[in-house]
Amino acid sequence: MVDHTLLDAIGHNLTAPMPLFFALGILATLLRSELKVPDALYIGLTLYLLGAIGLHGGAEIREVGILAIWMPILACFMLGSLIPIAGYFILRYMGKFSIHDAAAIAGHYGSVSAVTFAVATQFLSSLQVKPEGYLSAFLAILEPTGVVVGILLARIALQVEIRRHGESDEPTKTRAGWLRPVLHEALTGTGSIILLGALVIGYVSGPDGIAVTKPFFGDLFKGVLCLFMLEMGLVAGRRLAEVRAVGAFLIAFAICMPIIDGTIGVLLGGFVGLSVGGATMLGVMAASASYIAAPAAMRISLPEANPSFYLTASLGITFPFNIAMGIPLYFWLAKLVFGS
Amino acid sequence: MPMEKAILLTIITERVMEPTLKELVERAGAQGYTIEDVASGWGKHGNRTGQLESDQSFKMLLIVPKAVAQLILQEVERTLQPDYAITAFQHEVEVMSRAPASSGS
Chain A
0 MVDHTLLDAI GHNLTAPMPL FFALGILATL LRSELKVPDA LYIGLTLYLL
50 GAIGLHGGAE IREVGILAIW MPILACFMLG SLIPIAGYFI LRYMGKFSIH
100 DAAAIAGHYG SVSAVTFAVA TQFLSSLQVK PEGYLSAFLA ILEPTGVVVG
150 ILLARIALQV EIRRHGESDE PTKTRAGWLR PVLHEALTGT GSIILLGALV
200 IGYVSGPDGI AVTKPFFGDL FKGVLCLFML EMGLVAGRRL AEVRAVGAFL
250 IAFAICMPII DGTIGVLLGG FVGLSVGGAT MLGVMAASAS YIAAPAAMRI
300 SLPEANPSFY LTASLGITFP FNIAMGIPLY FWLAKLVFGS
Chain H
0 MPMEKAILLT IITERVMEPT LKELVERAGA QGYTIEDVAS GWGKHGNRTG
50 QLESDQSFKM LLIVPKAVAQ LILQEVERTL QPDYAITAFQ HEVEVMSRAP
100 ASSGS
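For the record, the sequence lines run as chains A and H.
Using numbering that gives the first Met the number 0, the first residue of the first sequence is number 0, and each one after it goes up by one.
Using numbering that gives the first Met the number 0, the first residue of the second sequence is number 0, and each one after it goes up by one.
In case anyone wonders, no lab produced these hints; they're calculated from the structure.
Hints may be right or wrong, so weigh each one.
[Claimed, not checked] Here are the simulated lysine to aspartate or glutamate pairs, EDC-like style, with alpha carbons at most 20 Å apart:
#  : chain 1 : residue 1 : chain 2 : residue 2
1  : H       : LYS58     : A       : ASP38
2  : H       : LYS43     : A       : ASP38
3  : A       : LYS35     : H       : ASP36
4  : H       : LYS58     : H       : ASP36
5  : H       : LYS58     : H       : GLU25
6  : A       : LYS35     : H       : GLU74
7  : A       : LYS213    : A       : GLU62
8  : H       : LYS21     : H       : GLU35
9  : H       : LYS43     : H       : ASP82
10 : H       : LYS58     : H       : GLU3
11 : H       : LYS21     : H       : GLU74
12 : H       : LYS43     : A       : GLU241
13 : H       : LYS21     : H       : GLU52
14 : H       : LYS65     : H       : GLU91
15 : H       : LYS21     : H       : GLU76
[As the list claims (entries may be wrong)] Which residues of chain A face chain H? A partial, calculated answer using Cβ under 8 Å:
#  : residue
16 : VAL234
17 : ALA295
18 : ARG298
19 : ILE299
20 : GLU303
[As the list claims (entries may be wrong)] Residues of chain A placed beyond 10 Å of chain H at every Cβ, according to the derived structure:
#  : residue
21 : ASP7
22 : LEU29
23 : LEU30
24 : ASP38
25 : ILE72
26 : GLY94
27 : ILE209
28 : LEU233
29 : PHE248
30 : CYS255
31 : PHE270
32 : MET297
33 : SER307
34 : VAL336
Here the structure is a predicted model, which means the values were calculated and not measured.
The C-beta atom is built at its ideal place from N, Cα and C for all residues, glycine as well.
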């Protein structure tokens with residue numbers, strides 16, 4: 000009965016247009032099609048999606064009041080810090096990755112994918128499940144937290160190494176003032192500033208603001224998300240060729256880590272009082288790995304880390320896994336544990 | 000038309016290094032530069048598809064005196080080359096002389 004429900008959820012998810020457009024993008028890459036989403040449109044779609052997500056989140060925070068959600072916010076910070084720490088130790092000591100690589104990959108998993116979040120909201124809405132709307136604000140918390148913790152881990156690990164052995168085997172460049180460019184990027188990068196800005200605009204303008212922008216930011220959302228997923232399929236498809244090169248351990252990590260993180264996110268979400276939909280969404284956020292903001296930040300702060308590892312893991316494996324299997328899995332889990 | 004000899008310096012590197020490179024060339028004494036987007040590329044650092052910010056490249060063009068070009072290249076070699084995809088090359092060029100200050104502009 001339970002298995003049947005999980006399979007049902009996966010089947011329901013896989014026949015939705017967003018995962019199918021994603022699959023089309025991958026297929027087009029494999030067939031060496033000329034299909035391309037123009038750069039300017041891609042940026043436009045990003046602005047649209049994050050703008051819409053932010054507006055709704057902001058309006059919802061105003062509705063429930065910021066003081067009512069301090070427990071979920073705390074849970075969110077915990078996830079953002081603990082996931083990269085756990086990921087680092089797994090990669091460093093079980094996977095034998097270098098300090099830089101382990102920290103950079105772990106930071107990606109602590110950070111979050113807004114697109115996975117958007118696809119999950121559509122999955123839930125197709126099942127008439129309503130998560131707490133303010134959860135999109137947590138994207139803005141998780142995105143920089145994971146990256147900063149990942150970079151901090153690398154710096155601490157290198158210091159420890161130096162203290163223990165006199166010097167590190169790995170190149171250690173002291174980058175004074177490393178935090179400032181990272182925070183600057185985290186707060187003012189294209190995605191971040193539109194998300195944070197839209198959250199504030201949504202908060203200030205409230206339900207009226209949502210009502211007047213609904214024809215654009217509401218009704219068109221699903222269609223725009225389909226186009227965006229097509230582009231993500233094209234980008235992820237090009238990463239698939241590198242999957243074999245990253246080794247069996249990282250492939251296993253990129254599939255097991257989201258399942259573990261997603262489970263913890265779902266359980267934590269339920270314990271801090273979120274609904275089944277909300278716990279699912281916290282699970283999705285915990286499970287997802289960043290592949291837009293985090294790679295750019297890691298390239299600046301941990302240039303010794305190999306981008307092929309973190310991009311292939313987060314974009315080539317974890318993202319497709321979550322889109323196809325992860326989202327229904329976390330929902331099934333949330334319903335199993337917290338559903339009445 | 001009076002012409003002056005100068006160096007045309009071309010630097011192609013990762014998008015994330017744009018602020019760093021701009022600061023570097025200004026500190027070295029460049030009086031200006033032009034930035035161009037790079038669609039995609041391939042080299043020692045793999046396939047730079049241009050699809051994600053971390054995967055994008057840009058090209059900086061500068062016209063500078065020889066001494067400034069040397070200084071920029073030294074700094075690029077010291078600070079950026081070890082960790083980032085970077086290509087730099089120079090040409091000797093003849094540049095239209097600047098109009099005398101008295102004629103405005």
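Going down the list of hints, with the structure as the test:
A threshold of 20 Å between alpha carbons decides the hint, and for LYS58/H with ASP38/A the separation of about 17 Å falls inside it, so the pair holds. Annotation: proposed proximity of LYS43/H to ASP38/A is violated, straight-line Cα distance about 25 Å (limit 20 Å). Of the pairs offered as hints, the one joining LYS35/A and ASP36/H holds, with about 18 Å between alpha carbons and a cut-off of 20 Å not exceeded. Simply put, LYS58/H and ASP36/H have alpha-carbon atoms about 6 Å apart, close enough for the 20 Å limit, and the pair holds.
Distance check on the hinted pair: LYS58/H and GLU25/H sit about 16 Å apart at the alpha-carbon level, within 20 Å; holds. Of the supplied pair hints, the one linking LYS35/A and GLU74/H is violated, its CA atoms being roughly 38 Å apart against a limit of 20 Å. This hinted pair checks out: LYS213/A and GLU62/A have alpha carbons roughly 17 Å apart, not beyond 20 Å. Straight-line distance between C-alpha atoms of LYS21/H and GLU35/H comes to about 13 Å, which keeps the hinted pair within the 20 Å bound.
Under the criterion of a C-alpha separation no larger than 20 Å, the hint pairing LYS43/H with ASP82/H is consistent with the structure, at around 12 Å. Only pairs whose Cα atoms come within 20 Å are accepted, and LYS58/H paired with GLU3/H is rejected, the gap being roughly 24 Å. Of the supplied pair hints, the one linking LYS21/H and GLU74/H holds, its CA atoms being roughly 12 Å apart against a limit of 20 Å. Proposed proximity of LYS43/H and GLU241/A is supported: the alpha carbons are some 15 Å apart, at most 20 Å.
Distance restraint check for LYS21/H and GLU52/H: the Cα-Cα separation of roughly 18 Å lies within the 20 Å cut-off, and the hinted pair is therefore satisfied. A threshold of 20 Å between alpha carbons decides the hint, and for LYS65/H with GLU91/H the separation of about 9 Å falls inside it, so the pair holds. Distance restraint check for LYS21/H and GLU76/H: the Cα-Cα separation of roughly 15 Å lies within the 20 Å cut-off, and the hinted pair is therefore satisfied. Contact between VAL234/A and chain H, as hinted, is supported at the beta carbon level, the nearest pair being about 5 Å apart and thus within 8 Å.
Because the smallest distance between the Cβ of ALA295/A and any Cβ of chain H comes to about 4 Å, under 8 Å, the interface hint for this residue holds. Checking ARG298/A against chain H by beta carbon gives a least distance of about 5 Å; that is within 8 Å, so the hint holds. Hint status for ILE299/A: holds, given a least beta-carbon distance of 5 Å to chain H, under 8 Å. Given the 8 Å rule on beta carbons, the hint for GLU303/A holds: about 6 Å separates it from the nearest Cβ of chain H.
No beta-carbon of chain H is positioned within 10 Å of the beta-carbon of ASP7/A; the least distance is around 35 Å. With a least beta-carbon separation of about 15 Å from chain H, LEU29/A lies farther than 10 Å from that chain, consistent with its non-interface assignment. The non-interface label for LEU30/A is consistent with chain H: the shortest C-beta to C-beta separation is roughly 17 Å, beyond 10 Å. Against the 10 Å criterion, ASP38/A falls within the reach of chain H, whose nearest CB is about 8 Å from its own CB.
For ILE72/A, the shortest C-beta to C-beta distance to chain H comes to about 28 Å, beyond the 10 Å cut-off, and the non-interface label holds. Residue-level check passed: GLY94/A sits 21 Å from the nearest beta carbon of chain H, beyond 10 Å. No Cβ of chain H approaches the Cβ of ILE209/A within 10 Å, the least distance being about 30 Å, so the stated non-interface status holds. With a least CB separation of 8 Å from chain H, LEU233/A falls inside the 10 Å interface cut-off, contrary to its annotation.
At roughly 20 Å, the least C-beta separation between PHE248/A and chain H is larger than 10 Å, which holds for a residue marked as non-interface. Residue placement check: CYS255/A keeps its beta carbon more than 10 Å from all beta carbons of chain H (closest about 24 Å). Distance check on PHE270/A: its Cβ is at least 35 Å (rounded) from any Cβ of chain H, clearing the 10 Å threshold; non-interface status holds. With a least beta-carbon separation of about 8 Å from chain H, MET297/A fails to lie farther than 10 Å from that chain, contradicting its non-interface assignment.
Against chain H, the non-interface label of SER307/A is violated: not every CB pair exceeds 10 Å, the least being about 6 Å. With a cut of 10 Å on Cβ distances, VAL336/A stays outside the contact zone with chain H, its closest approach being about 36 Å.
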